[in-house]
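Participant: Modelling step: build the complete structure from the supplied sequences, incorporating the hints.
One letter stands for each residue in the lines below.
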Amino acid sequence: MAHAEAHAHDGHDHDHNHAPAGIGRWLFATNHKDIGTMYLVFALIMFFIGGAMAMVIRLELFKPGLQFVDPSFFNSMTTMHALVMIFGGVMPAWTGLANWMIPLQVGAPDMALPRMNNYSFWLLPFAFTLLLMTFFLPGGAPAGGWTLYPPLVLQAGDSFGFTIFAIHMMGISSIMGAINVVVTIMNMRAPGMHLLKMPLFCWTWLITAYLLIATMPVLAGAVTMLLTDHYFGTAFFNPAGGGDPVMFQHIFWFFGHPEVYILILPAFGIVSEVIPTFSRKPLFGYESMVYATGSIAFLSFIVWAHHMFTVGMPLAGQLFFMLSTMLIAVPTGVKVFNWTTTMWRGSISYEPPMLFALAFLFLFTIGGFSGLMLAIAPADFQYHDTYFVVAHFHYVLVPGAVFAIMAGVYYWLPKWTGHMYDLKLATWHFWLSTISVNVLFFPMHFLGLAGMPRRIPDYNVQFADWNMVASIGGFAFGLSQVMFVWIVLKSVRGGGPKASARVWDDTNSEGLEWTVPSPAPFHTFETPPVIK
Amino acid sequence: MSIQKKLAAAAGLAGLAISAAAFGHPESSLNLPVGVTPISQQAHYLHMLTLWVCVGIAVVVFGAMIYSMVKFRKSQGAVADTSIVHSTKAEIIWTIIPVIILVALAVPATKGLVIIEDTRNSGLTVKATGYQWKWQYEYLSQNDGKTETPISGVSYYSALEENSNFTRQLGSGLDPNQVENYLLDVDHPLIIPSGVKVRLLLTGNDVIHAWWVPQLGMKRDAIPGFVNEMWIQVDEGKEGTYRGQCVELCGRDHGFMPIVVVVKTKQDFAAWLAAQQPAAATATAATTASL
Chain C
1 MAHAEAHAHD GHDHDHNHAP AGIGRWLFAT NHKDIGTMYL VFALIMFFIG
51 GAMAMVIRLE LFKPGLQFVD PSFFNSMTTM HALVMIFGGV MPAWTGLANW
101 MIPLQVGAPD MALPRMNNYS FWLLPFAFTL LLMTFFLPGG APAGGWTLYP
151 PLVLQAGDSF GFTIFAIHMM GISSIMGAIN VVVTIMNMRA PGMHLLKMPL
201 FCWTWLITAY LLIATMPVLA GAVTMLLTDH YFGTAFFNPA GGGDPVMFQH
251 IFWFFGHPEV YILILPAFGI VSEVIPTFSR KPLFGYESMV YATGSIAFLS
301 FIVWAHHMFT VGMPLAGQLF FMLSTMLIAV PTGVKVFNWT TTMWRGSISY
351 EPPMLFALAF LFLFTIGGFS GLMLAIAPAD FQYHDTYFVV AHFHYVLVPG
401 AVFAIMAGVY YWLPKWTGHM YDLKLATWHF WLSTISVNVL FFPMHFLGLA
451 GMPRRIPDYN VQFADWNMVA SIGGFAFGLS QVMFVWIVLK SVRGGGPKAS
501 ARVWDDTNSE GLEWTVPSPA PFHTFETPPV IK
Chain B
1 MSIQKKLAAA AGLAGLAISA AAFGHPESSL NLPVGVTPIS QQAHYLHMLT
51 LWVCVGIAVV VFGAMIYSMV KFRKSQGAVA DTSIVHSTKA EIIWTIIPVI
101 ILVALAVPAT KGLVIIEDTR NSGLTVKATG YQWKWQYEYL SQNDGKTETP
151 ISGVSYYSAL EENSNFTRQL GSGLDPNQVE NYLLDVDHPL IIPSGVKVRL
201 LLTGNDVIHA WWVPQLGMKR DAIPGFVNEM WIQVDEGKEG TYRGQCVELC
251 GRDHGFMPIV VVVKTKQDFA AWLAAQQPAA ATATAATTAS L
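Protein sequences appear in the order of chains C and B. At position 332 of the first sequence (counting the first as 1) the number is 332 in the working numbering, and the numbers step up by one without a gap. At position 200 of the second sequence (counting the first as 1) the number is 200 in the working numbering, and the numbers step up by one without a gap.
Hints were generated in silico from the structure; no laboratory data involved. Be aware that a few hints might be false.
Claimed, not checked - Each computed DSS-like pair below joins lysine-lysine, with the alpha-carbon atoms no more than 27 Å apart:
#1 B/K264 / B/K127
#2 C/K498 / B/K74
#3 B/K264 / B/K238
#4 C/K424 / C/K498
#5 B/K74 / C/K424
#6 B/K111 / B/K89
#7 B/K74 / B/K127
#8 C/K424 / B/K71
#9 B/K264 / B/K197
#10 C/K197 / B/K238
#11 B/K146 / B/K266
#12 B/K146 / B/K74
To be verified - Chain B side only, calculated, beta carbon under 8 Å to chain C, not exhaustive:
#13 C54
#14 V79
#15 H86
#16 V99
#17 A104
#18 I116
#19 R120
#20 G123
#21 G153
#22 L170
#23 N205
#24 D206
#25 G237
#26 E239
#27 G240
#28 G255
Claimed, not checked - Which residues of chain C face chain B? A partial, calculated answer using Cβ under 8 Å:
#29 G157
#30 K197
#31 G285
#32 S349
#33 D385
#34 T386
#35 N460
#36 H523
C-beta: ideal position from N, C-alpha, C; glycine also.
Facilitator: Right, dumping it as structure tokens:
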């Protein structure tokens, strides 16, 4: 990886630090740091909204019997929880981190297309206003699952058009953001910043961007077909008109499976930077990590029907998808082994970013194990649509993607704000989150194996104990996240010691972002740095 | 090794042993049931095989991680060996070994799939239709190995049993613990014989549903416009009542359309079926009247 000679920016300080004033600064932002900040703030708000829905779910599931919500509203909760967390939480958080860090890490003054960047962001509050207002429409919010399977989804009331429109807006936002990432990385790297010298966060985002460009249009196609089936008399998915409900599932999951890799690949990038920094050792097998990420991305296109093992696929299809899905374990395993070897014979310290990265390593791997079990089709006939699946994807998404996001925020926050945050409080946040996330999701493995289906608001008393445990974990996890907001706010407002340019002194932090002052000036790298 | 490390290792091993014991017991509330059909037993076998493979890999990988986190702490004076940056040999080894492990898993998994998908030579065919929000069962035909005999007139709905239905209403104030087989009981269960390969045809009337009884080991979607098929054969000697649920989100009462299967001996089933058929009933009535 590259080290830059520090350039003297001091003589031009007031230009670099001049940000526009007032609301216009945000509405008309074209600066990658401001847009990155907006994405991250938006994502944080969405995490709390999605989290509130999860609290409603766990509250109803606390004991057998229906105590709080109508089953239709419960179905809306599960549906909207997923839509908000995936499209409003994780994806905007990754885009926010990309916006902040990619130009800094490649030595570029901004993203390639700053105005398009602005539109990409502002589409999101608009889209989510549309989606969330469906709660107040006749018929309520969508309740057919975030996977939108017809014919059920076509039974939705007035919310249907709003939902489809919102999804289109989110998709356009993602596509434009992805284009920006690709063009920035391919065209605006500083001289000497060869692709195989880039930080792994840039690599994983480059590959993620290609996945987004390839798959978001497929989702757009699928939901447009739903739209015309509902309003314009087409019969893509209506058997009475010669259509096929299973075709929707194929199209949706052709998007849906690469989508979950879109959700996790940037996490791999973050962890690949944090672990070497706090192990004081370079990443083991950099090139191997790049190839493994590329392999995962390629394989992600040929495994989609493992979400559909029970639809009645021919044997040949089931075999193909089972085997291709099992194969993905290989490059993923390679990455885990490389991270572990990075720590081996290192000199490790346990600051909050490292704590979250290590929790990711452990707990994402557990999610990977349950994923391998799900790939085995004959066994999947017992796991499918049970809480075993819920356990799997929450392990890879929460202590997986979300913990990696927090690792990234805790890693780069002092660079953004210029102040080190309260490390002790952040360590408390870490332990409370890690313990409660396991109390919340590990019992779901047992529930699924014991036979509890997904997406049900009430259950037989044999499932009561583990549900109560999970709900307690859920409330604890939700409450712990308030600490995160407090820590971030305090750092933004200027509490805490000033951070140096290096921030994490006496570590192995590599990357051009550590050569600019903290907080990073409004404009950076207006002259490209020299890469050795 | 210091005393703390010995204690930690012992605790870890004890924890692993207890979990293994709890998990390994066939009827543990923590684990998949072995079930009463060859398919369920195959699924359980593959599940345990994959699980133990994962545990084995976890012990090695997590062991290396924990060891590193303890032994190579900066606070204890560890100095980083920055020469360990890459090893093509290591990359090859830890690519090839997982592939070998995957092949070892794929072979029995493939064999299992082939058996599951073979619905030929069934002795009884029943059609299950998913409705919002109940099931309908229709007995279609029997096959004694030589001829296929259609069954007519045996068809009924199977809906959530009354007690459960009252108790589950929002704000009912009734206690689910007081209801036997709460949410897992129906008014008219599916009745099948043991020792017979039963072919289940599945379809949906309105939206996609899915039919599943954990002890029987197999689930399949019930899709409008399609007829899916699956087979189950309950081992002889395992007669009894088995309960399951709809497992594809199908709307408001998705959680309230359970499945109950009563498995009878071949003779008891024959007697039951004969009593269901309207022709038999009419014949019996006519015979009685003519006496």
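Participant: Next, verify each hint and record whether it holds.
Facilitator: Hints and how they fare:
no., hint, verdict
1, B/K264 / B/K127, "holds, 18 Å"
2, C/K498 / B/K74, "holds, 24 Å"
3, B/K264 / B/K238, "holds, 9 Å"
4, C/K424 / C/K498, "holds, 16 Å"
5, B/K74 / C/K424, "holds, 18 Å"
6, B/K111 / B/K89, "violated, 34 Å"
7, B/K74 / B/K127, "violated, 67 Å"
8, C/K424 / B/K71, "holds, 23 Å"
9, B/K264 / B/K197, "holds, 13 Å"
10, C/K197 / B/K238, "violated, 64 Å"
11, B/K146 / B/K266, "holds, 18 Å"
12, B/K146 / B/K74, "violated, 77 Å"
13, C54, "holds, 4 Å"
14, V79, "holds, 6 Å"
15, H86, "holds, 5 Å"
16, V99, "holds, 6 Å"
17, A104, "violated, 11 Å"
18, I116, "holds, 6 Å"
19, R120, "violated, 13 Å"
20, G123, "violated, 22 Å"
21, G153, "violated, 27 Å"
22, L170, "holds, 5 Å"
23, N205, "violated, 10 Å"
24, D206, "holds, 7 Å"
25, G237, "violated, 22 Å"
26, E239, "violated, 20 Å"
27, G240, "violated, 16 Å"
28, G255, "holds, 3 Å"
29, G157, "violated, 12 Å"
30, K197, "violated, 14 Å"
31, G285, "holds, 5 Å"
32, S349, "holds, 5 Å"
33, D385, "holds, 4 Å"
34, T386, "holds, 7 Å"
35, N460, "holds, 5 Å"
36, H523, "violated, 34 Å"
Comparing the model with each earlier hint shows violations of hints 6, 7, 10, 12, 17, 19, 20, 21, 23, 25, 26, 27, 29, 30 and 36; every other hint is respected.
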